[in-house]
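Same order as they appear, the protein sequences are chains A and B. One point on numbering: in the UniProt record's numbering, the residue at position 12 of the first sequence is 12, and numbering is uninterrupted. One point on numbering: in the UniProt record's numbering, the residue at position 315 of the second sequence is 315, and numbering is uninterrupted.
Fair warning: there could be bad hints in the mix.
To be verified - Pulled a few chain B residues facing chain A out of the computed Cβ check, cut under 10 Å:
#, residue
1, I214
2, R219
3, K230
4, V237
Treat the hints as calculated values from the structure; they're not laboratory data. A virtual CB, placed ideally from N, CA and C, is assigned to each residue, including glycine.
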Amino acid sequence: MQVVRCHRISSSNDVVVSTLPLYRSAPPLEVRLEDFELFAVDRLRVLKGISDGLSRGKKPEEIAKLAMDLWKANMRYPQATEDVNKDNISHFVLRLVYCRTEELRKWFLSMETALFRYRFHSESSEAQRALMSEFNLPYKAVSNAEFESVKDKLVQVARSMGQTLLPADAIFYKVPFEEVSELVAGRRVFIHKGHAYVAMNQVVSIVVTQFRSHLSKALILTNRKWTSTIREQEKDRLTPIVEALCTSYLGPDYSQPKEFAEISIKDIDQIAKTSFPLCMRHLFEKVREDHHLKHGGRMQLGLFLKGVGLKVDDALAFWKAEFAQKVVGAERFDKEYAYNIRHNYGREGKRTDYTPYSCQKVILSTPGVGDHHGCPYRHFSEENLRAALARMGVGSRIVEDVIDKARNRHYQLACTLTFEAVHGSSCDAGINHPNQYFIESQKILQSKNGSMAQ
Amino acid sequence: MTKDEVENGRDDMLIDGPEQANAVPDGFNANYLRIYYGKLFPHADIFKWMSYGNDGKHPACDKSYIGRREFSFTLENDIYIRFQSFNSASELENSIKEKCPFKIDIGPVYSVDPAKRHAYAQSGDNVFTPVERELVFDIDITDYDDVRYCCTGADVCLECWPLMTIAIKVIDTALRDDFGFNHILWVYSGRRGVHCWVCDGKARRLTNEQRAAIADYFRVYQGNENSNKKISLPGHVLHPFLARSYTEVLKGFFEAKLLSNQNLLSSEERYEKILEMIPDGSVAAELRGRWQEKKRSSMLKNDINVVRWEQLKHALQSGKQKAQGLRRCVEEIVFSFTYPRLDMEVSKHMNHLLKAPFCVHPKTGRVCVPIDPNNCDEFDPTKVPTLSQLLEELNRGGLRQDAEDEWDRTSLGESVTFFRSSFLHPLLKSCKEEIESSYNTKLQQAKNTLSW
Numbered sequence: 001m002q003v004v005r006c007h008r009i010s011s012s013n014d015v016v017v018s019t020l021p022l023y024r025s026a027p028p029l030e031v032r033l034e035d036f037e038l039f040a041v042d043r044l045r046v047l048k049g050i051s052d053g054l055s056r057g058k059k060p061e062e063i064a065k066l067a068m069d070l071w072k073a074n075m076r077y078p079q080a081t082e083d084v085n086k087d088n089i090s091h092f093v094l095r096l097v098y099c100r101t102e103e104l105r106k107w108f109l110s111m112e113t114a115l116f117r118y119r120f121h122s123e124s125s126e127a128q129r130a131l132m133s134e135f136n137l138p139y140k141a142v143s144n145a146e147f148e149s150v151k152d153k154l155v156q157v158a159r160s161m162g163q164t165l166l167p168a169d170a171i172f173y174k175v176p177f178e179e180v181s182e183l184v185a186g187r188r189v190f191i192h193k194g195h196a197y198v199a200m201n202q203v204v205s206i207v208v209t210q211f212r213s214h215l216s217k218a219l220i221l222t223n224r225k226w227t228s229t230i231r232e233q234e235k236d237r238l239t240p241i242v243e244a245l246c247t248s249y250l251g252p253d254y255s256q257p258k259e260f261a262e263i264s265i266k267d268i269d270q271i272a273k274t275s276f277p278l279c280m281r282h283l284f285e286k287v288r289e290d291h292h293l294k295h296g297g298r299m300q301l302g303l304f305l306k307g308v309g310l311k312v313d314d315a316l317a318f319w320k321a322e323f324a325q326k327v328v329g330a331e332r333f334d335k336e337y338a339y340n341i342r343h344n345y346g347r348e349g350k351r352t353d354y355t356p357y358s359c360q361k362v363i364l365s366t367p368g369v370g371d372h373h374g375c376p377y378r379h380f381s382e383e384n385l386r387a388a389l390a391r392m393g394v395g396s397r398i399v400e401d402v403i404d405k406a407r408n409r410h411y412q413l414a415c416t417l418t419f420e421a422v423h424g425s426s427c428d429a430g431i432n433h434p435n436q437y438f439i440e441s442q443k444i445l446q447s448k449n450g451s452m453a454q
Numbered sequence: 001m002t003k004d005e006v007e008n009g010r011d012d013m014l015i016d017g018p019e020q021a022n023a024v025p026d027g028f029n030a031n032y033l034r035i036y037y038g039k040l041f042p043h044a045d046i047f048k049w050m051s052y053g054n055d056g057k058h059p060a061c062d063k064s065y066i067g068r069r070e071f072s073f074t075l076e077n078d079i080y081i082r083f084q085s086f087n088s089a090s091e092l093e094n095s096i097k098e099k100c101p102f103k104i105d106i107g108p109v110y111s112v113d114p115a116k117r118h119a120y121a122q123s124g125d126n127v128f129t130p131v132e133r134e135l136v137f138d139i140d141i142t143d144y145d146d147v148r149y150c151c152t153g154a155d156v157c158l159e160c161w162p163l164m165t166i167a168i169k170v171i172d173t174a175l176r177d178d179f180g181f182n183h184i185l186w187v188y189s190g191r192r193g194v195h196c197w198v199c200d201g202k203a204r205r206l207t208n209e210q211r212a213a214i215a216d217y218f219r220v221y222q223g224n225e226n227s228n229k230k231i232s233l234p235g236h237v238l239h240p241f242l243a244r245s246y247t248e249v250l251k252g253f254f255e256a257k258l259l260s261n262q263n264l265l266s267s268e269e270r271y272e273k274i275l276e277m278i279p280d281g282s283v284a285a286e287l288r289g290r291w292q293e294k295k296r297s298s299m300l301k302n303d304i305n306v307v308r309w310e311q312l313k314h315a316l317q318s319g320k321q322k323a324q325g326l327r328r329c330v331e332e333i334v335f336s337f338t339y340p341r342l343d344m345e346v347s348k349h350m351n352h353l354l355k356a357p358f359c360v361h362p363k364t365g366r367v368c369v370p371i372d373p374n375n376c377d378e379f380d381p382t383k384v385p386t387l388s389q390l391l392e393e394l395n396r397g398g399l400r401q402d403a404e405d406e407w408d409r410t411s412l413g414e415s416v417t418f419f420r421s422s423f424l425h426p427l428l429k430s431c432k433e434e435i436e437s438s439y440n441t442k443l444q445q446a447k448n449t450l451s452w
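Can you build the whole structure from these sequences, using the hints too?
This is the structure:
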């Protein structure tokens, strides 16, 4: 194993100081077993905090602040060198923890990448440039002559984002557009003949892409090592710690219906009224009304219903009864739609049992023409949201509170408020998952029924 | 006409000479299709295309390449066969002729032969995974139902087809000028839309995430059925891509064609839809007032839609409104009615299947012919050759010796020629160069390591 390069040392003779490691290789340090676990838990607190912030639809600036606060609170030591050690150790421990399944890798990869992004952002521009050179990126700054030739376009892009192009920003890197996907997706760069012109204040996107792809490959390798050797070698020592660490911190799995397992088709209308969150209630009403839903809606509602406890045969019957009434004949339904439903239940294709969508996924979806899925608090116009809330029986004063939350992009808080208003009881945990909404709702309703019966 | 008669008709036509050639009834059936696949479908060209130069003799050719590509067939009774693969042009041709698929779809190139995927499944690790796929786009006229009044659903006419034409112009220009792609094939989907295949090596190797980024670059449409404003263009100015699309294509089309073609402002019901998009209620109210009153005093020589549009623009762009950012609203209206609406999911994922060019659409009987993006204004979906028309033309020409270029005698000839000269040949040329240069780099590297 190689000594991890600490920037503090490598740049001993001049001013550039960065404590942000790139985690190229594991540190050759001795770690006490308690620290092994403690450090990892501290880092997890940071990652989990970021994950929660993202799923609550917080703005990038808010998340950035949140991430740095969490970092300071959990990862700082009086001694800077210890900081770096803890940073490195905790990262590599969590690699072990989160390398073991596709799902875990995906979560870890996006949270670590987000963390890296905010930490990089908070570095000075000298330190940023130094980090960039660590990556050995082959990109050169755009020459003056070239800059002048595309200047108009660059100004136009900056203005389209509500910024002005200052002379100081005049350093641009020309990179293949594939390397800066997020800038392309947001139309935040000028692209010409396959090259994106990336401003100095956007280089974080280049670096993050690199970071992400390194980490992604590393996780696959770690997984191989884990399954081939480490798990067995460490079965009395590290393996139990590693296996316990991830379960304690991942949200619950809603793919298998739990407490209120099994609902049947005849109850479904009643339950939809009392216990479905607005996103699902809307889809449900639409399918009853139009006897059709486009793909995105079928997925969102279908997987939710699976989580709620609708058996595959009942699900098939439900969709078929609706779809057969209109556009689609029973025969066409069997051919075109039944496969997908069975697929969702893991009865076809890869046979993966797909999990119901979380709030984060629903909020981030991009419904288009004719679509009804997505998060109503985000995707409805105010009027439509108001009308929908009124139909759920939310009082007009609360409706305004909900609208206010939605306007400020606190979609999940808006949903939590709605939940509280509809059920007349508080929901301290907040709503993070449509199926959680359902379960919480059922709990309250059943306890009410129970107390009435007594 | 009963089915028997149809078939008799076909027999006659095969046996008899040119005199009775006109007796091919319209329609789509397995018998017609069999002749089409036998004599007209350009099997070899499709195979050449899908090989991307790897069927050559060069030592750097990847011999396994074509055999890892998924083809899937939809047979007569909606039987769906996925994950087929072919190692040679004759294998592909024989299978198509034998199975006579109503639809042929093309999927990605996988890491291993898709037909043998189960053999690899046992080994645990995810070895069976898509590794290459053209960047594809699917634009469907049914997604424009809220902005066209001439047709709905799968119907399309010459009034609404231009929406597809401008979609081609906007996307094609951006793919070439912005993203730097060169090998782009546009195809009529046979009924209600167009498909686009971007075939540059770089495009084929994009990850899902990169595909999604490109799709998002093209997306301006936001919100679903439940939000009023579907297009929102924030910022002081438009991004250069949107600005170019607006000034070079959308604005002119909207004002010169769509406004009058679709009578966007002629009736109350229709202009209300546009007034709803104006965020300032007083401006909308003022326009509404004027339009309700002036119904009678219409200026006969001018199109009412154009007159009202000028009034709306004036109201929104006059001096005092400018500061309030209402100016952008004119652009938002034009974008809402004209900007291309892509089926995002198709473009985002490597493993989406897309219908192969030169298939015949079962509902219309029309062939999925390539569209020339440089002359897309001339493309007329109602003039695309149908299966029965082609068979008729074949008959008229009588039997010939050389079975090679039968399409030359039909109206399909033009399409095949275009496919070859403006898409396939330039593509294969650059594939060869790519293979050659990657080979040389490898040689060079090998040399370097040896000398070291």
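Hints, verified against the model:
1. The closest approach between the C-beta of B:I214 and any C-beta of chain A is roughly 7 Å, which is under the 10 Å cut-off, so the hint is satisfied.
2. The beta carbon of B:R219 comes within 7 Å of a beta carbon in chain A, closer than 10 Å, and the hint placing it at the interface holds.
3. About 8 Å separates the beta-carbon of B:K230 from the nearest beta-carbon of chain A, less than 10 Å, and the hint is met.
4. With its C-beta approaching chain A no nearer than about 5 Å, B:V237 sits inside the 10 Å limit, and its interface hint holds.
Every hint, counting from the list given before, is met by this structure.
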